[in-house]
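Guided by the hints, dock chains H and P onto chain C, whose structure is given.
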Amino acid sequence: MNRGEMIGSGLVGRSLAGVDDFSNAELSYVLAGAEEMAEHRERYASACRGKIMASLFFEPSTRTRLSFETAMLRLGGQLVSAVDVGATSLAKGETLADMARVVGGYADLIVMRHPWEGAARVVADYAGVPVINAGDGGHEHPTQTLCDLYTLTKDRGCLEGIRIALWGDLKYGRTVHSLTWALARFGATIVFRPGAGLAAPDHVLSKLATDYGGELVRGEQLVRSDGEGVLPVDAIYVTPRSPHQLAMLPHMSAQLELDRGVDALYVTRLQKERMRVDVGESQPTDYPVVDRQLLRTKGFEHSVVLHPLPRVDELALEMDSDPRSLYFKQAHQGVPVRMALMALLLGCVPSEFPLEKALPDDWRPVEHIDYAHDTGVRCPNERCVVNQPSEARYLSPRFRLIQGSPPRLRCVYCDHEVCAGAIATAEAYDESTSRRKYHSPTSRWSSFIRPENLLVFARAGDAEARGFRPSAQAQVSE
Amino acid sequence: MNRGEMIGSGLVGRSLAGVDDFSNAELSYVLAGAEEMAEHRERYASACRGKIMASLFFEPSTRTRLSFETAMLRLGGQLVSAVDVGATSLAKGETLADMARVVGGYADLIVMRHPWEGAARVVADYAGVPVINAGDGGHEHPTQTLCDLYTLTKDRGCLEGIRIALWGDLKYGRTVHSLTWALARFGATIVFRPGAGLAAPDHVLSKLATDYGGELVRGEQLVRSDGEGVLPVDAIYVTPRSPHQLAMLPHMSAQLELDRGVDALYVTRLQKERMRVDVGESQPTDYPVVDRQLLRTKGFEHSVVLHPLPRVDELALEMDSDPRSLYFKQAHQGVPVRMALMALLLGCVPSEFPLEKALPDDWRPVEHIDYAHDTGVRCPNERCVVNQPSEARYLSPRFRLIQGSPPRLRCVYCDHEVCAGAIATAEAYDESTSRRKYHSPTSRWSSFIRPENLLVFARAGDAEARGFRPSAQAQVSE
Amino acid sequence: MNRGEMIGSGLVGRSLAGVDDFSNAELSYVLAGAEEMAEHRERYASACRGKIMASLFFEPSTRTRLSFETAMLRLGGQLVSAVDVGATSLAKGETLADMARVVGGYADLIVMRHPWEGAARVVADYAGVPVINAGDGGHEHPTQTLCDLYTLTKDRGCLEGIRIALWGDLKYGRTVHSLTWALARFGATIVFRPGAGLAAPDHVLSKLATDYGGELVRGEQLVRSDGEGVLPVDAIYVTPRSPHQLAMLPHMSAQLELDRGVDALYVTRLQKERMRVDVGESQPTDYPVVDRQLLRTKGFEHSVVLHPLPRVDELALEMDSDPRSLYFKQAHQGVPVRMALMALLLGCVPSEFPLEKALPDDWRPVEHIDYAHDTGVRCPNERCVVNQPSEARYLSPRFRLIQGSPPRLRCVYCDHEVCAGAIATAEAYDESTSRRKYHSPTSRWSSFIRPENLLVFARAGDAEARGFRPSAQAQVSE
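Chains as they are written, first to last, in the working numbering: chain C, 1 to 478; chain H, 479 to 956; chain P, 957 to 1434.
For the record, the hints were derived by calculation from the structure and aren't laboratory data.
Idealized CB from N, CA, C, for every residue including glycine.
Treat the hints with care, as some may be off.
[Unchecked claim] Once the Cα atoms are required to be at most 27 angstroms apart in a straight line, the calculated DSS-like pairs of lysine-lysine come out as:
| # | chain 1 | residue 1 | chain 2 | residue 2 |
| --- | --- | --- | --- | --- |
| 1 | H | Lys529 | P | Lys1007 |
| 2 | C | Lys329 | C | Lys171 |
| 3 | P | Lys1007 | C | Lys51 |
[What the hints assert, rightly or not] Covered stretches of chain C (in silico footprint by chain P; criterion: 3 or more residues with CB under 8 angstroms from a CB of chain P, positions within the stretch not fixed):
| # | region |
| --- | --- |
| 4 | 63–70 |
| 5 | 305–313 |
| 6 | 328–339 |
Looking at chain C on its own, in the form it has when it is part of the complex (with noise of 0.2 angstroms):
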C-alpha cells in the first residue's frame, strides 16, 4: 500500500469535527482528491452508490446544504434532510445524543449544522458513522476552510510562506476560526484586521500562540512602517517558515512581514445573526469595506479576493469583475472539496487520488493531555454544548491541560479556555486535609507537579472548597 492508499484507508469513518481532527497530510489528500474529483467527474459518478447521507441542519442554511447535498448527488449517493430542525424534535426535549444514535441508525453519513458550538462533537461521538460538522455555532467550519485552502492552493501554488489578511468579523465568523488554525498548520503569516469590536476571540489566538509553532504579536496597533497603510491590524502571526522569524525579535519581524504586503485578502460579512444585541439593518458604519480602491494601495495589488460569501455590503460588487476576485470560483469549489472528503469518509473511493506533488509529513498541533480531574471547572462558553441543560444530564465538562504560566484547560467540546486561578496536587488527596495545599498558578510550583497530577481551579475558592488551603506564596500573591 502506498502512502495516498495508506492516508485514504485512515480515514474510512473517521469525522471531521475540527480542523485538527486531521493532520497536514490527510487534509492535503482531501484536496488532491478534490482536484481529481474536478477533473474528472464522471469517474466518480457512481462512488456513493447505496449510500445516504442525513443532512441534518438545525440553523438556516442554503448555500451550505446546497453544495453539500450537491457533492453526495454527483458521487451516486442519496440525501435525507431535516431542515430547520429547530422546531421538531430537540423541541420535543431530546438530546443530541439520542438523535444521533437513531440517524446513526438509518444514514451512512451525517452532515449537521447547529448553533451550540461543540454540538457536531457530541453527534460524531454518539452517532456510529462519520459526522461532518457544516457549522456549529461561533466556532468552527471545517469544510468551508477545505475549500478555502483549495482555492488559495490551486491559485497560489502552495500555503506555506503566503500571507494572508483576515479582514472583517474575527469574532462570530466561525470560519476564519477553522481557516486561522488550518493555515497556521501549512506555514502561512495571518495578519488581523477585524472591524471595531469583532476581533478574533482569545481562544483562538490562545490556540495560535500554542499549538502551531509560529509566533502571535498582538494587542498593538501595528502599522506599515511607511506610514501609508489601510492596515491597522490588531494581531499578527508569523509561521516558523517566515524568513524573519528565527532571526528577530517578534515585533520586528512581524512589522518586516507587514510591510511585504499580503497575497490574499479573506473577506466576511458581519455576522449579525450571532450578535447578541441586534445592529439593525446596515453594517456599523466602520466595518472595513474591500473595494477597487482598497486594491489599488500599496500591498494589495497583488492581493486575490476570498469570501465564504454570502456578502453584503463589506465586499463591492464592482469586485465582480476582477480577475483577482476568486470567490465565486471558491463557493463553485466546495462540491469537488465535499466530494473528496465524504468519498473518504465513506471508503469509496476505489484506488488512489493521484498526487500532484509528494504529500506534506504526518504532522498535527501540538497534542494535550486530558485532564482527569473534577476540580469543578466548567467551560465559559454560554453557547458551548456542554452548558446546554438537556445536554448536561449526561454530558460532563471535558478538558485538555494546556501546560505554562498560568496553566489553563481547554474545552474538548468548543475551545475555550479557563485559566487557572490556583493549582495543586493530586498527591495531596493521600495526604490529611490539614496538609493540602494549594498555589498561585504562576508559582514555581508548577512546574514541579507532574502534568498528570495537577490540579487547576478556576478560582482560590474552589481550592478551599475543596479542602485546601493557601501555601505561604499563594497568600502573598492574591
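What follows is chains H and P alone, placed relative to chain C:
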C-alpha cells in the same frame, strides 16, 4: 401460488391507515419481509427503482420521516417531500381530497402525517395510490406498531401469551393506541399503567373489550396481591390465550396475570403538544419514570424496555447501557420494517419472503356492519377529520354499528364512539308518523330489531325531532 | 437535421422566465414532447441521469414544486431543494445575482418561485444554467400555462379559434397573465370575467392590445345580446383568426363572439395572499362561482372547466364528477409537460419527439426595441425586482419602447408600463441647452423622431430637470 405469495399479492395497491386494515397473516408477512430486508439489504437495493414516494408531513417530525425516506432510498426508489406543510396548500383552503387526488397523480405512494384524526383514511380514499398513515393526531401510528411488534417478536420469539405493560401517556400517545389493538390481536396480555390523568381513552378500551375476544378489567385500582407492586394499573386486558382467562372470573384472572410480572415495558413520553393546556417545561411530578431501580423490583427483573422515542425524562439515561433496553434497536428496525411494507404495497417484491415459521390464520378483528341511516349522529371527537369545516363540505359522518346494550356507533375515521340514547327501527318510516316509536337503548327491543334496521339516536330529542314518540318503556327509562 | 431536431437543439441551455421567451413552434414542440413523455414514460426514465435540478422556493408551494420534482425524478435526474428560503440567504442580505451564481455552480438547472416580479429573469441572467420561472409574484407562471395549453389542446384538438373565458381573480393571478398572452398567440378569443375589483391589470391588457395582432374591446359592460347571460365581462380579446374580426367594428365582432358561448372556462381562486388588505377567511360574496347551474346556462353547455388548483369555493365540489371537468387531469399532466421542458433545456432528448401534426410557424410576439436612454424613468411596480433595495445596488431599470401615441416604456423584468408624459429627441443633446425642447407625448413630433432617438419622460418636469424646455405645442397641451 403459495401462501406467502398470495398474501403478498393481496397487499399490492392497499393502504395502511390503521392496524386493523391488515389481517394477522398480513401483518406477520410484513414482519417476515422486514427480517429478510434486514438480513439481505443488498438483494432489495433496486426493488423499487422508478417508484416515487411522497412524504407529506403536516406536523413536524424528523425521526419517522427520515425512517420512511431512508427505507424508500434503500429500496432504490426516490422521494418528493413536503415538510411542515401546515402553512402551504391548506392555508390556501384546499381540501384533503383535492390534495390527495393531485399528489396521487404524481407519486406512486403517499406517506402522511397529519394532526386531524382520520386524515390518512380520507387521503387513502381519494389518492388512487397506496397511502400509509405516519400518524394522524392522537389516533393511530400503525407503522410504529409494526416496528414494535417486530422488535418484540425478535426478542421474545412470539407475542402470544406475553405480558406487556403500557407506560406513561396512554391518552394522547397514538403509538400506544395502535399497539394496544395489535397486541390484543396477537394474543398478548396488556397492563395499562398511565400517568395521572393520562389513562387510555374510552374508545380505545371499548374497542378492546368488543373486538378482540379477551377480557378487559378496568376502572379499578389493581395492585399486586403481595401488596408490593409499583403497579397501580388502571386496566388489564387478558388475552383469551391466557391459561387463567377461561376458568376464572375476569378480576381473578387479571390479578393472577398481574402477579406474574411483565415481559416488556412499553414506555412513552408525555405528548405535551397534544394537550390542551400547556403543561410547561417539566414533566408532571407524578409521571411514572422507568429507571434501574424500577427494573430491579419484583415482576420487572426480566422486562425488556421499548420506547418509540424521542424520550424526555420518563426513561432514565442510565438505562442506555442496560442489556434489557431495546429502544435504539427498535428505532433502527423501523427501516427494514418500512422497506418491507412499502415494497409489498407497491408490488415490488419479486419472490416470496422466506418464512421462519408458519403464518398465523388470516384473522381480523370482528367486523361490524356499516350504519346506513342518517339519524343526526355526529362524531364526538372535535379533532376528527369529519368535523373540520373544510372537510365537512364533502365528507359525511360515517359509522359502524357496535351491537350491545346500549348499541354504539363507531366513527369510521377516528374510532371514537357514540352511545345510543334512544333506538328505533327503520321500518317505522313505513308507518304513519303517529305510530313511530323510539325505545330506551338498553331495552329488550334492541335485540328484536335487525341490525341493518336499527336506528340509533344520540339523544331521545333527536328521535322526537324526526317524528318518533317515546314507547311506554322509553318514557319510564328517562 | 429536421424541424423538430432544430427546434430542440435551439432550446438547449435556454431559460423560461416568461411565455414570450419561446416562439410558437418552441412552445408546441414542448407540448409534443409532453405527449411523448405521457405515453412512453419508460423511454425517458434515464434521460436526465446525472443531472441535478435545484428547486428554490422563496414562497410556500407544494403542488408546483412536487410536480417539478416528480418530473425530474421520472427523468432519472436528482434534486436539491431549498423550500421556504425567505428566512435564509436573503435574510443574510444576499442579492439574487449572487445566489444565482452560486447555485448555478452546483446544479444543472434551477426552478425558482419568488415573490418579486421579474426575479426569475434576473436569476436567468446570472446563473449560467437554464432557469425556469415557477411563479414570480403576480407576474408570470409560464409552466402552468404550458400545462393549460396541453390540456386544452388534448381536449379541443387545437387552440386556434376557440373561445375561452378567464374567470375570477384576473388581477393577482399570475397564471392567467401568462395564459392570456399565450392564448392570444395561438389564435384563441379570450373573454375576461373577473370578480369585482379583480380585473386583469392594465399592463396585461395593454400588451394584449399591442403585441398579438387581435382586437381588444375593454372597459364596457358587455352582455350577451339575448340579454340572458351571466357574462358581464369587462374585456374581450378577439383573435385575428376570428371570422368576425376583420370585417366588422371591434365592438360588433366582440358581441358576435360572445353570443357564440365559450368552449372553455378557466377558473381561478382569489389570490388572497397577494392582496394588500386582508380579506378575511371567506370569499367576497360577489366572487363568481362555477357550478352545475352555471354549466347548464346557454353558452356554457359545452364548456370544459380548467382550474390551476388549489381551489377554494369558486369551483363547486359537485363539478368533480362532471365529465367536462378537466382540472385534475390538468394537474397530472403537469408532470409530463415539465419532463419535456426540462429534458429539452438540459439537452437530454436523444432523438426528435414524434409530431402528430406540423409545428406552427416560428412566430413570436412583436419585438420592441430596447430603450437605451436614462431619462429618470422608473418601473412603477413596487413588487418589481428592480425596485427592491438589495437588487437596486446592481440592477438598473431596463425598458422596451412601445411606440404609439403616447409612446410607452415597458419594464423588461415585470412588463409594467410607463406612459410618456413628455417626449424629446436625443439629438437635442448635441444642441445648446437653450435649444433643447420637449413635446407633448401625443404630438405629431412623436412620429418624426426615430425610435432609437426618442426620449421618454414620465413627466414634463423630468424633461425640464434635464435642461429641456417646453415646445410651444407642449405648453398648450399641459
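Against the structure, the hints:
no. : hint                   : in the structure
1   : H:Lys529 <-> P:Lys1007 : 18 angstroms, holds
2   : C:Lys329 <-> C:Lys171  : 25 angstroms, holds
3   : P:Lys1007 <-> C:Lys51  : 18 angstroms, holds
4   : 63–70                  : holds (count 6)
5   : 305–313                : holds (count 5)
6   : 328–339                : holds (count 4)
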